[in-house]
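For reference, the chains in residue letters:
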Amino acid sequence: MAKSRPRVKVPKKAAKGDIVTIKTLISHKMESGQRKDKKGNVIPRRIINKFDCTLNGKPVFSCDIEPAISANPYVEFSAKVEEAGDFVFTWTDDDGSKYTKKSSIKVS
Amino acid sequence: MAELNRREFIIFATGAAAAAVIATPTVALAEANDSAEQIKKFTGGAKVSDGGIELSMPEIAENGNTVPLSVSIDSPMTDDNHVKSVMVLAEGNPNSGVITFNFTPASGKAEASTRMRLAKTQNVTAVARMSDGSFRQTSALVKVTIGGCGG
Amino acid sequence: MFATITMTRRLAVSALIGLGVAFAASAGSAEETRKSIAAPDGHPLDEIISGYEFRSAATKAVQDDDFQNPAFLWVEKGEENWEEVDGTAGKSCASCHGDASETMAKAGAQYPKWDAKDQNPINLEQRINKCRTKAMGAEAWAWESDELLSMTSFVRHQSRGEPVAVKIDGKMKPVFDYGKKLYYQRNGQLDMSCANCHEDNYGTRIRSDMLSQGQSNGFPTYRLKWQKVGSLHRRFKGCMKQVRATPYKVGSNEFVALELYVNYRGSGLPVETPAVRQ
Numbered sequence: 001m002a003k004s005r006p007r008v009k010v011p012k013k014a015a016k017g018d019i020v021t022i023k024t025l026i027s028h029k030m031e032s033g034q035r036k037d038k039k040g041n042v043i044p045r046r047i048i049n050k051f052d053c054t055l056n057g058k059p060v061f062s063c064d065i066e067p068a069i070s071a072n073p074y075v076e077f078s079a080k081v082e083e084a085g086d087f088v089f090t091w092t093d094d095d096g097s098k099y100t101k102k103s104s105i106k107v108s
Numbered sequence: 109m110a111e112l113n114r115r116e117f118i119i120f121a122t123g124a125a126a127a128a129v130i131a132t133p134t135v136a137l138a139e140a141n142d143s144a145e146q147i148k149k150f151t152g153g154a155k156v157s158d159g160g161i162e163l164s165m166p167e168i169a170e171n172g173n174t175v176p177l178s179v180s181i182d183s184p185m186t187d188d189n190h191v192k193s194v195m196v197l198a199e200g201n202p203n204s205g206v207i208t209f210n211f212t213p214a215s216g217k218a219e220a221s222t223r224m225r226l227a228k229t230q231n232v233t234a235v236a237r238m239s240d241g242s243f244r245q246t247s248a249l250v251k252v253t254i255g256g257c258g259g
Numbered sequence: 260m261f262a263t264i265t266m267t268r269r270l271a272v273s274a275l276i277g278l279g280v281a282f283a284a285s286a287g288s289a290e291e292t293r294k295s296i297a298a299p300d301g302h303p304l305d306e307i308i309s310g311y312e313f314r315s316a317a318t319k320a321v322q323d324d325d326f327q328n329p330a331f332l333w334v335e336k337g338e339e340n341w342e343e344v345d346g347t348a349g350k351s352c353a354s355c356h357g358d359a360s361e362t363m364a365k366a367g368a369q370y371p372k373w374d375a376k377d378q379n380p381i382n383l384e385q386r387i388n389k390c391r392t393k394a395m396g397a398e399a400w401a402w403e404s405d406e407l408l409s410m411t412s413f414v415r416h417q418s419r420g421e422p423v424a425v426k427i428d429g430k431m432k433p434v435f436d437y438g439k440k441l442y443y444q445r446n447g448q449l450d451m452s453c454a455n456c457h458e459d460n461y462g463t464r465i466r467s468d469m470l471s472q473g474q475s476n477g478f479p480t481y482r483l484k485w486q487k488v489g490s491l492h493r494r495f496k497g498c499m500k501q502v503r504a505t506p507y508k509v510g511s512n513e514f515v516a517l518e519l520y521v522n523y524r525g526s527g528l529p530v531e532t533p534a535v536r537q
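Chains as they are written, first to last, in the working numbering: chain A, 1 to 108; chain B, 109 to 259; chain C, 260 to 537.
Hint data in this document are derived by calculation from the structure and do not stem from the laboratory.
A virtual CB, placed ideally from N, CA and C, is assigned to each residue, including glycine.
One thing to keep in mind: the hints can contain errors.
FRET-style restraints, in silico, Cβ to Cβ [said to hold, decoys possible]:
#, chain 1, residue 1, chain 2, residue 2, range
1, A, Asp95, C, Lys430, 47 to 53 Å
2, C, Ala320, A, Pro59, 27 to 33 Å
3, A, Lys106, C, Phe326, 17 to 23 Å
4, C, Ala401, A, Lys102, 30 to 36 Å
A short, non-exhaustive set of chain A residues, derived as facing chain B with CB atoms under 8 Å [claimed, not checked]:
#, residue
5, Gln34
6, Cys63
7, Asp64
8, Pro67
9, Ser70
10, Pro73
11, Tyr74
12, Ser78
From just these sequences and the hints, can you work out the full model?
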């Protein structure tokens, strides 16, 4: 997949104080830097090296990612929802690009 | 029909002979990478207790490219008592680092899942850093199989 | 010299399968009941089983979750391209075919079909490219390109759950017969046919890999080995390489005929596109 496509699964609403499960996936080859091309040259490493999630700008969860994470990285985690607002998910590529996705949540 | 060159024939014949001779698959667990040093760096040399952290992985991985893993720690995740991070290491991969999950009280639960690559049968270790400065760890042995016809 | 190679080859293959049986016994392989459907009259198998049933619990879990299944990244891309105008005619797929969930509902379960206009069999990839070049004035997509994989996945996904039902009589009979001949033909230095693994040995292991019936109902499929979605013809090529044969080309008469025959072998299985396999 030439351009990285992120997807997220977040509930649209929750009761105050609920802990929700968030699932994330992004298309990315996660080139480990271990492989060689047909000529024997090492194919350079290029991976998503960081993922983070904030709710209304406050950090919820993040991870530091290494080449041992599978292609099209999948990360599932929890978030405690105290207030309505916007989740922002950011994936950082070795080449400096950042991919983001936003998801709003209502609180009853 | 494809022509067999001499090199291919030798490789094939050796493989065929080897397959006929091997009775059980060998499991080499002795080879280690820098995972022990990485743990030391993470903990600053502090004592690491066993248990109090769950690492779920399948017993046998159908394909080493995509092996599911989950970590879970029973913690109230309050400001004074929560899990700060969990570092996952693969002891038999070319590089030991896999992922470090960083939690906050806003995570609600100290639980996370992902999918990882395993180069061969090996131990995967998860080390947790708690907000009170303590550390705990656990390991799981995952068998990685070689596919039938070429992986 | 070749006679000797055949002997060594057959011995090697038996050793590999034998090793697999030994491994399975020692590993305590879980022989759970596999979901199967009855085969129609005259079918070479007694029961028809999807490749899904032969995979580990972890692999099945990825297919069961439409979010976790990475193949949906391709399905989504196909869905976007469906609406995109491309080519000199200024059309998108949607311009002629409207809502794919309606117009493509059975397509994925019925291809390859007979193309009356061009008087030859045509499979889904070829049909998509024919639409692009003839109706849209756009360029054909390369067989294993993300664009074509995405569109084939998206279209066939509209048939998910629909039983595979290909027409094998009339104009398709010679294609079917050719495909059947290819299926049972031994190829390559290992001198093996599709049937040797997928008819004679499904449910047993080759080394530690669990052999399936080699069904096609889940293609295009996300293979853990490929770490991406791949086409059925790519899989055919892989199998041929594994028996050390020179593979036919993607989109060749051979592979289209084989595809028809393999789809027939899976008659009645629900389309699972996009499936997840090892």
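Evaluation of the provided hints:
Against the hinted window of 47 to 53 Å, the Cβ-Cβ separation of Asp95 (chain A) and Lys430 (chain C) comes to about 52 Å, which satisfies the hint. The beta-carbon spacing between Ala320 (chain C) and Pro59 (chain A), approximately 30 Å, falls within the hinted interval of 27 to 33 Å. A hinted range of 17 to 23 Å for the beta carbons of Lys106 (chain A) and Phe326 (chain C) is consistent with their spacing of about 21 Å. For the pair Ala401 (chain C) and Lys102 (chain A), the beta carbons lie near 34 Å from each other, so the given range of 30 to 36 Å is met.
Hint status for Gln34 (chain A): holds, given a least beta-carbon distance of 6 Å to chain B, under 8 Å. Given hint, Cys63 (chain A) at the interface with chain B, holds; its Cβ is 5 Å from that chain's nearest Cβ, closer than 8 Å. Given the 8 Å rule on beta carbons, the hint for Asp64 (chain A) holds: about 4 Å separates it from the nearest Cβ of chain B. Satisfaction of the interface hint for Pro67 (chain A) is found here, the shortest Cβ-Cβ separation to chain B being roughly 7 Å, below the 8 Å cut-off.
Checking Ser70 (chain A) against chain B by beta carbon gives a least distance of about 4 Å; that is within 8 Å, so the hint holds. With 8 Å as the threshold, the beta carbon of Pro73 (chain A) comes within range of chain B, its nearest partner Cβ sitting at about 7 Å, so the hint holds. At about 5 Å, the closest approach between the beta carbon of Tyr74 (chain A) and any beta carbon in chain B falls short of 8 Å, and the interface hint on this residue holds. About 4 Å separates the beta-carbon of Ser78 (chain A) from the nearest beta-carbon of chain B, less than 8 Å, and the hint is met.
When held up to the earlier numbered hints, the structure conflicts with none and fits them all.
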